[in-house]
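With the hints as your guide, set chain B onto chain A.
Quick note, the sequences are listed as chains A and B, same order.
Each residue of the first sequence is one higher than the one before, counting from 1 in UniProt numbering.
Each residue of the second sequence is one higher than the one before, counting from 1 in UniProt numbering.
Please keep in mind that the hints were generated in silico from the structure rather than gathered at the bench.
Everything numeric in this text was worked out from a predicted model, so none of it was measured.
Among these hints, one or two may not hold up.
Since the list can't tell identical chains apart, any single copy or any two copies may satisfy a pair.
Straight-line C-alpha distance at most 20 Å; calculated EDC-like pairs for lysine to aspartate or glutamate [claimed, not checked]: (1) 6 with 199; (2) 248 with 10; (3) 91 with 70; (4) 322 with 354.
Residues per chain are reported as follows:
Number of protein chains: 2
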Amino acid sequence: MDERTKITLDESEIPRRWYNVIPDLPEPPPPPLHPGTGQPVGPEDLAPLFPMELIRQEVSGDRYLDIPDEVIDVYRLWRPTPLFRARRLEKALGTPARIYYKYEGVSPAGSHKPNTAVPQAFYNAAEGTRRLTTETGAGQWGSALAFACAQYGIDCEVWMVRASYDQKPHRRTLMRIWGATVHASPSPITAAGAKILADHPDSPGSLGIAISEAVEVAAADPFTRYALGSVLNHVLLHQTVIGEEALKQFAAAGERPPDVIIGCTGGGSNFAGLFLPFLREKLAGRGDPVIRAVEPAACPSFTRGIYAYDFGDTAGFTPLMKMHTLGHDFIPDPVHAGGLRYHGMSPLLSHMYELGLFEAVAKQQRECFAAAVTFAKAEGILPAPEPSHALAAVIEEANRCTASGEEKVLLTALCGHGHFDMTAYERYLAGDIPDFELSQPRIDAALASLPRI
Amino acid sequence: MDERTKITLDESEIPRRWYNVIPDLPEPPPPPLHPGTGQPVGPEDLAPLFPMELIRQEVSGDRYLDIPDEVIDVYRLWRPTPLFRARRLEKALGTPARIYYKYEGVSPAGSHKPNTAVPQAFYNAAEGTRRLTTETGAGQWGSALAFACAQYGIDCEVWMVRASYDQKPHRRTLMRIWGATVHASPSPITAAGAKILADHPDSPGSLGIAISEAVEVAAADPFTRYALGSVLNHVLLHQTVIGEEALKQFAAAGERPPDVIIGCTGGGSNFAGLFLPFLREKLAGRGDPVIRAVEPAACPSFTRGIYAYDFGDTAGFTPLMKMHTLGHDFIPDPVHAGGLRYHGMSPLLSHMYELGLFEAVAKQQRECFAAAVTFAKAEGILPAPEPSHALAAVIEEANRCTASGEEKVLLTALCGHGHFDMTAYERYLAGDIPDFELSQPRIDAALASLPRI
Chain A
1 MDERTKITLD
11 ESEIPRRWYN
21 VIPDLPEPPP
31 PPLHPGTGQP
41 VGPEDLAPLF
51 PMELIRQEVS
61 GDRYLDIPDE
71 VIDVYRLWRP
81 TPLFRARRLE
91 KALGTPARIY
101 YKYEGVSPAG
111 SHKPNTAVPQ
121 AFYNAAEGTR
131 RLTTETGAGQ
141 WGSALAFACA
151 QYGIDCEVWM
161 VRASYDQKPH
171 RRTLMRIWGA
181 TVHASPSPIT
191 AAGAKILADH
201 PDSPGSLGIA
211 ISEAVEVAAA
221 DPFTRYALGS
231 VLNHVLLHQT
241 VIGEEALKQF
251 AAAGERPPDV
261 IIGCTGGGSN
271 FAGLFLPFLR
281 EKLAGRGDPV
291 IRAVEPAACP
301 SFTRGIYAYD
311 FGDTAGFTPL
321 MKMHTLGHDF
331 IPDPVHAGGL
341 RYHGMSPLLS
351 HMYELGLFEA
361 VAKQQRECFA
371 AAVTFAKAEG
381 ILPAPEPSHA
391 LAAVIEEANR
401 CTASGEEKVL
411 LTALCGHGHF
421 DMTAYERYLA
431 GDIPDFELSQ
441 PRIDAALASL
451 PRI
Chain B
1 MDERTKITLD
11 ESEIPRRWYN
21 VIPDLPEPPP
31 PPLHPGTGQP
41 VGPEDLAPLF
51 PMELIRQEVS
61 GDRYLDIPDE
71 VIDVYRLWRP
81 TPLFRARRLE
91 KALGTPARIY
101 YKYEGVSPAG
111 SHKPNTAVPQ
121 AFYNAAEGTR
131 RLTTETGAGQ
141 WGSALAFACA
151 QYGIDCEVWM
161 VRASYDQKPH
171 RRTLMRIWGA
181 TVHASPSPIT
191 AAGAKILADH
201 PDSPGSLGIA
211 ISEAVEVAAA
221 DPFTRYALGS
231 VLNHVLLHQT
241 VIGEEALKQF
251 AAAGERPPDV
261 IIGCTGGGSN
271 FAGLFLPFLR
281 EKLAGRGDPV
291 IRAVEPAACP
301 SFTRGIYAYD
311 FGDTAGFTPL
321 MKMHTLGHDF
331 IPDPVHAGGL
341 RYHGMSPLLS
351 HMYELGLFEA
361 VAKQQRECFA
371 AAVTFAKAEG
381 ILPAPEPSHA
391 LAAVIEEANR
401 CTASGEEKVL
411 LTALCGHGHF
421 DMTAYERYLA
431 GDIPDFELSQ
441 PRIDAALASL
451 PRI
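In isolation and in its complexed conformation, chain A is listed as follows (with noise of 0.2 Å):
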């Protein structure tokens, strides 16, 4: 095991091809279902939405598919990205633990997200799509659409929830300075949105909201086409190029395989992302670690939630998915890690939940932030709110180590810096963050609007 602090690999090392983890598993997910039929959708459902090419990764039995050259061509202006060792944090906390992260901050949008956006821009270009819809809540996914939309020439149009647009206005500038162009949402311009402005003119909107005003616009015009930053099994395939390098750079470093790999979730993208090929590795009898879910305690779909079919968003236009769900009218509190605020959860990962394949845990807010100062002082790197719960399940993790001596082997995602999450940082600096308690009437209240089939 060497000395380093930050394990970096050369561009040539850049993962040539993503792998999909569903032919390695003993049964596949359920697909999703037609709300209307009740019967599995096909690819003619979903191509006034998608390219082929992202149809067929979405089902494909293929344990590789090839990263294509144009697509390498963008991923080398961030990856691969630095491996850290937490040196600096793991003195902090005297933890005879080693503590690993893989940090996707360095990206130019400063998350996990381009990873997918880069390609899901690449092949609706090839495809001739030329203008890309999407929503975005506090503008994290639409931002690195909208760097990816510029690197292939295409345009691209973000519904951002207004509260955020009108409360966090420096990630939509963002967008607009790659070019993006930004509506809040509800929006005069769509049907869907028109609708709610008429009924509430004030609406603050949501992320269900915005989805349907993207997905209208997707639908009506033959060139454009809309892109989904989560939760699908090809954005989950495109995130391993995470897991991949860091498979690498564990080798670089001669270090044995983790024993404990964390991530946190919303979608699930960048957990799965990195603990993917860990686990092709371990079910090939490489490795044996445990392998960790993080979720807000005011959205826990896998640790509270039922598994079962919903719809993605909140106004009921998408396909029915077999997900942990706390069901699609389940508004979530306010809590600052907006990434992680979602109702459901990719139905992949759910499935593989359901096979015991990793297990979940619920935090709440104040530790994480609090895991984040620490983190921030010790190696600099400032986390969003989103891996702020994964860094507290380190330290509880690396904390349990230093009671009982193991010096295991941490591994976990840093997502994403907090540059555009200030304002959050500020309020728990004044002591104004709260924990929120979610109440099982609650879940239950919501869990009643799941359909029937």
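Leaving out everything else, chain B in the frame of chain A:
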């Protein structure tokens, strides 16, 4: 010449020595003078403010100074920084030039400033300093010093110009996360601040006032010292890690020495850090780059200032330094590149400019913002307003190459990202960024304040 976009180095290649250009110059720069006696200041004059090792470095005649292991161990968190070949920008411009940029925004504080903040904090901690004071405008330097002090367990107290303290809270928050105490300047807790508040209760503050406050507090306590983020010889010295790494990266890429090196200048430290090692090579007959400083037209110390002894601060507390200056009373118009709004210039760089070792140009800020947006669309990274001045000059040079057909090799330092400058970009996108004309009578009036010696 290889095909990479990003030339990375392993952390084992972090430079082990800083390069001191002074012994390679035909004559040394004129010494700073004591304002009372008119005699050169000695170590005893500086000892209340700086640790002895930094005073030694300030006047050293050695070509190389060893970097302590404890500093290297913190540099490892982000160094070596990547050298990028701006292939996508070249393509967007259609230029035959080969454009390289050394990216310092990967540091925890997001700029080159930690390169000197870290050794300054280290030497202070090693010599028993318990608290460092400093001033900061928009907060780049203050946040770098806050980060560095956190690494060595010493306190950090920052006087932040009130206008920025109120209008730019995010870097203030960043400093606090790293454990620093941040005061709005003028503050009632110093005599200098209290006096100004008594006369002007609504004073927006200035860097000059903030320096006076930080120096006053440091001078009054034997365990408190003061740190400066640019201008001084030891600061430029520490920044040479930028150029030393770039030299290795040019060699690793199989690229010939640059034809043009371009950097932005406020106090001069990032520009010097990039070009000094290349100048050493040039003086030894290896390469012959044109070296070009770019300053804001609103604060043109090289191109319109005079070379004379002046104070480093507005209040006249510092030693007199011979430098290019617009007069210590000069208040630049409020351009967004806050890091370049300094009335003077590094005395060492000023001396070298007089020796004809580099040239200088001035740019209006609208051209610089336009360059930054062109760059961000092509390369992804959003530049801070300061290096956008260098980018404007790079694009100008690349366009000259397009006209002439010359395949020049251009090198610049992208000294920081713009994540904390989004309000400025928002104004630029709204068409709300003015250029400022600086009249000669205004410069003449400020120069009338020069001390007679």
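Evaluation of the provided hints:
1. In this assembly of identical chains, the alpha carbons of residue 6 and residue 199 never lie at most 20 Å apart, being 54 Å within a copy and 52 Å across copies at closest.
2. In this assembly of identical chains, the alpha carbons of residue 248 and residue 10 lie at most 20 Å apart whether taken from the same copy (11 Å) or from different copies (15 Å).
3. For a Cα distance limit of 20 Å, the shortest separation of residue 91 from residue 70 across copies, 14 Å, qualifies, whereas the shortest one inside one copy, 42 Å, does not.
4. When the C-alpha separation of residue 322 and residue 354 is checked against a cutoff of 20 Å, the pair qualifies only within one copy, where the shortest distance is 11 Å, while the shortest distance between copies is 73 Å.
The structure shown violates just one earlier hint, number 1.
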